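Chains as they are written, first to last, in our numbering: chain A, 1 to 174; chain B, 1001 to 1208.
It should be emphasised that the hints constitute simulated quantities derived from the structure, not laboratory data.
Because the structure is a prediction, the values reported are computed rather than measured.
The beta-carbon is built from N, C-alpha and C at its ideal position, and this holds for glycine as well.
Some hints could be false.
Selected chain B positions facing chain A (in silico; Cβ < 7 Å) [as the list claims (entries may be wrong)]:
1. Arg-1014
2. Leu-1063
3. Thr-1090
4. Gly-1092
5. Val-1182
Listed next, the stretches of chain B that the computed footprint assigns to chain A, with coverage defined by at least 3 CB atoms under 8 Å from CB atoms of chain A [as the list claims (entries may be wrong)]:
6. 1064-1072
7. 1081-1087
8. 1136-1146
9. 1189-1200
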Amino acid sequence: MAREKTMKPPHRPSELLDTLKRLGVRLAVAVPDGWLSEILVRIEQEPSMSLIRATHEEEALAISCGAQLGGMRTVLIIQNVGLLTMGAGMVSLAQRYQFPLLILASYRGTPEDATYYHIPKGRVTEPVLRGLSLPYALAESTRPIGHQIEQAATYAEEASSPFVLLLGRGDIKW
Amino acid sequence: MVSNSRPTREDYYRALSDNLPEETLVVTSLGNASYLWATVRDAPENFYLEDAMGLALPLALGLAVAQPNREVVVVEGDGGLLMHMGGLVTVGAVAPNNLTILLIQNGVHAASGGQALTNAELDIADIARAMGLKHAENITSVKEFQSGLVPALKGDGPTLLALATEPDLDAVIPPAMLDPVVTKRRFMEAVGAPRYVSIFFGGGMLSE
């Protein structure tokens, strides 16, 4: 009698990181979040990528724009609160100059998030993105994350616009 | 007759233009910082900000990281720096040796009509050194500026030169409207930035 094999689900943060490498992303600019701690360390250890730990998300956005200006492919990795704090730079720098920023944001304050104090940020995140006319998508937990990163990167480049992919805990927390 | 004790922004810009190697990349912050530089020395290697106060420095940091073989000069104002002081911390941490910060220290928010700064008396050079910048100097004359600029552009930074500057009396009218996307494309072409190549929903690649 054949033994039934149990399929281990793919490790989504590994797939996410592998996809960034495959896309030629050489610089990640980040501001910390609890869900992001391990993946940021992995990026630091990755020979093909550099990590800049910025002090503020609006600053991180500008660093990312500058690196793109110099011809480097980048990713911004932040908590969703950063989408609230970077608003001025988003409209007057990234959108006005049409930088195709790939932004990966941990989506805190959703019902899956046990940390109650993130809720006020979670509930306004999508209305703020819509208010900024900032294209975004919610990562779907039933689809491979790598393909969703590729689609987000494609959208940013083809639209010459920042694009936000909001990530759940399982997508990003190592 | 009373004379200004500090040089003007234009005095510094003329000296900068006279001492700037052609391939140097220059990022200028909003207002007269951009409009006057576009008047004194327009070049494809210039990236002009017209708004986004406080973001010229972090943008120049990203550029310096992406273009490690080119010298990058950023002109920031003291008001802009105070708005994103954390940006200087990140410069100190990343420490790109090809970045030179020219800080126009005029003690006011010049772009909004000369309104007072939160604190106009800070020793920014001292702060910059404490934040880990390799070189930082307070400059009070064009001669000192020239002496500080030439070694700064030899890849031994990051360097900050805090330029004591007389506040601008008038808003400079730029020689032409600064179209942001044209500015960006012109700049990226000048540095030979790779082009994006589409792959059908595969995330695309840069051409290099």
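Hint status (Cβ of Gly-1092/B to nearest Cβ of chain A, threshold 7 Å): Result: violated, 11 Å to nearest chain A Cβ.
8 Å C-beta test of the stretch 1081-1087 of chain B against chain A, three or more residues: holds (count 3)
Val-1182/B as an interface hint toward chain A, with CB separation required under 7 Å: 10 Å, violated
Per-stretch coverage check for the stretch 1064-1072 of chain B, three Cβ contacts closer than 8 Å to chain A: n = 4 at 8 Å, threshold three: holds.
Hint status (Cβ of Leu-1063/B to nearest Cβ of chain A, threshold 7 Å): Where the cut-off is 7 Å and the nearest Cβ of chain A is about 4 Å from Leu-1063/B, the hint holds.
Chain A covers the stretch 1136-1146 of chain B, three or more CB atoms within 8 Å, holds or violated: violated (count 0)
Chain A contact restraint for Arg-1014/B - C-beta distance below 7 Å: With Cβ-Cβ at 26 Å, over 7 Å, it is violated.
Within 8 Å of chain A (C-beta), three or more residues of the stretch 1189-1200 of chain B: It holds, with 7 qualifying residues against the three required.
Hinted contact Thr-1090/B with chain A - closest CB pair below 7 Å: Interface hint status for Thr-1090/B: holds (5 Å vs cutoff 7 Å).
Checked against the numbered hints above, the structure violates hints 1, 4, 5, 8; every other hint is satisfied.
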